[in-house]
Amino acid sequence: MSEQGAAEESTAVLVSEFLQRRQEQIAQRWADADLFRTVFTVSRDEAVEACKAVVDALSEAAAAGRVDDITAPGFRRVRDQLGRMAASRARTGASPGQIAGEVADLRQPVIALLRGEFPDPAGDQAQECVLALTRLTGTLRVVVMETALSAGEEVIARQREQLLEVATPVIKLWDGIVAVPLIGTLDSARSQVVMESLLNAIVAERARHAILDITGVPTVDSLVAQHLMKTVAAARLMGAECVVSGIRPAIAQTIVHLGIDLGTVVTRSSLADALAYALRRQGIVVASGPPVGVSLS
Amino acid sequence: MQTSSDTGTIRLPIGSDVDLAWVRQQVRQVAAELGFGLVQQTKLVTAVSELARNTLIHGGGGQVEMTALYRGPARGLRLAFTDSGPGIRDIDQAMTDGYTTGSGLGMGLSGAKRLVQEFSIDSSPGQGTTITVAAWATGLPHPRAEAG
Ligand SMILES: Nc1ncnc2c1ncn2[C@@H]1O[C@H](COP(=O)(O)OP(=O)(O)O)[C@@H](O)[C@H]1O
Ligand SMILES: [Mg+2]
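Keeping their order, the protein sequence lines are chains E and V. Just so we're aligned: the first sequence equals residues 1 to 297 in this note's numbering. Just so we're aligned: the second sequence equals residues 1 to 148 in this note's numbering.
Hints in this document: simulated from the structure, not taken from any laboratory. Honestly, I wouldn't trust all of these hints.
[Unchecked claim] If you anchor each label on the Cβ, the simulated ranges turn out as follows: (1) E:V286 with V:S103: 21 to 31 Å; (2) V:Q127 with E:P169: 45 to 55 Å; (3) E:G138 with V:T101: 52 to 62 Å; (4) V:Q117 with E:Q108: 37 to 47 Å; (5) E:A252 with V:G61: 42 to 52 Å; (6) E:D105 with V:Q127: 47 to 57 Å.
The C-beta atom is built at its ideal place from N, Cα and C for all residues, glycine as well.
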């Protein structure tokens, strides 16, 4: 028993040394494997670095004689990285089975390199090393799947947070002037909340002007435009005039190509311009002294 | 590797509003990496938003396949939106500005076509719908570094 244990240990040490020695070659091969290639899309160098960290982890686990142990310290060091990678794959639609398969695909190239290290690739020592390395990569697969599962939970939690983050502060900028800075995606549910809180604020503040600032809205498609127009129409019914501000140049061009006519909506490029417009319409003259800052916080 | 157009094909599900946001975000990121300028990115993402929402609302959900295109020095992005919904009976009519069978503005299909360089619809009643678009970056390419 102890003799066998000692033999296994020396095999593990051989594998560990091999991984250190061939770290660069292994990393170069892995960088083009699906698991790394599809996550590190911008820079291949980054993929290579990530691969090296995983090779290090395997080597460390082997050196400690813990080829089957997912809690080996080596794995702990790359757990974060593997979790991020698995989460990234999951977000792009890869199923857990697919991710597991991609981790399994890492085995072949490194086994081939290992075999090449032995004068007799069919000899006992070579076979034992291949077996140990196979077990080690199997352990890696379990580690990835485990981190993928917890990363998946995080993604769900984050999405839930985004959904809850529909609080839309309506700010009173001046007597009779309210503003909502819109941030993020304006899907139907979110737009409904925006419209309701704005209409409530118009009533509560007896506002005659309402400013919808869309600086923080990344995409204005036909649905968002439709929601904006509906909000403007509803505010009009309440006796308030709406001004849409913060339409960035790229978005303005895109709206035109999309074919949407915001003609009936008053627009101003910045929130400050929109406020100046509203003040003027209400007959309020602001003395031009030191510059007036508008704070949203 | 540069000439193969199926490098980096990403498939994303379209089954909810959250998916739509994620698709827009991914397209914007990949387009930026391929060297699309800000206006080009905005146009493409807006077209994607229209088509992905159609896949969700009219098609009952589906998926989009995103493929980076490399033609010589040119960099582009192809997106194929697929659903197995009711299909479109009269494509010309659906492409008309303001035509809608729902409660939208009816500007999604026609508008998306104006925002991209290539646009094609494959659809028939009961057979589902696939809409494929492509856009090309006119700025300087910013490709993934290749190793020897
Ligand atoms: N994926 C699809 N499946 C079935 N019908 C579709 C699909 N996409 C668009 N259509 C049809 O084409 C019409 C026009 O689409 P669009 O221009 O986006 O306007 P809207 O979405 O505002 O109705 C839709 O009302 C619908 O009848
Ligand atoms: Mg539409």
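Cross-check of the supplied hints:
no.	hint	verdict
1	E:V286 with V:S103: 21 to 31 Å	42 Å, violated
2	V:Q127 with E:P169: 45 to 55 Å	47 Å, holds
3	E:G138 with V:T101: 52 to 62 Å	53 Å, holds
4	V:Q117 with E:Q108: 37 to 47 Å	40 Å, holds
5	E:A252 with V:G61: 42 to 52 Å	32 Å, violated
6	E:D105 with V:Q127: 47 to 57 Å	35 Å, violated
Checked against the numbered hints given earlier, this structure breaks hints 1, 5 and 6; the rest are met.
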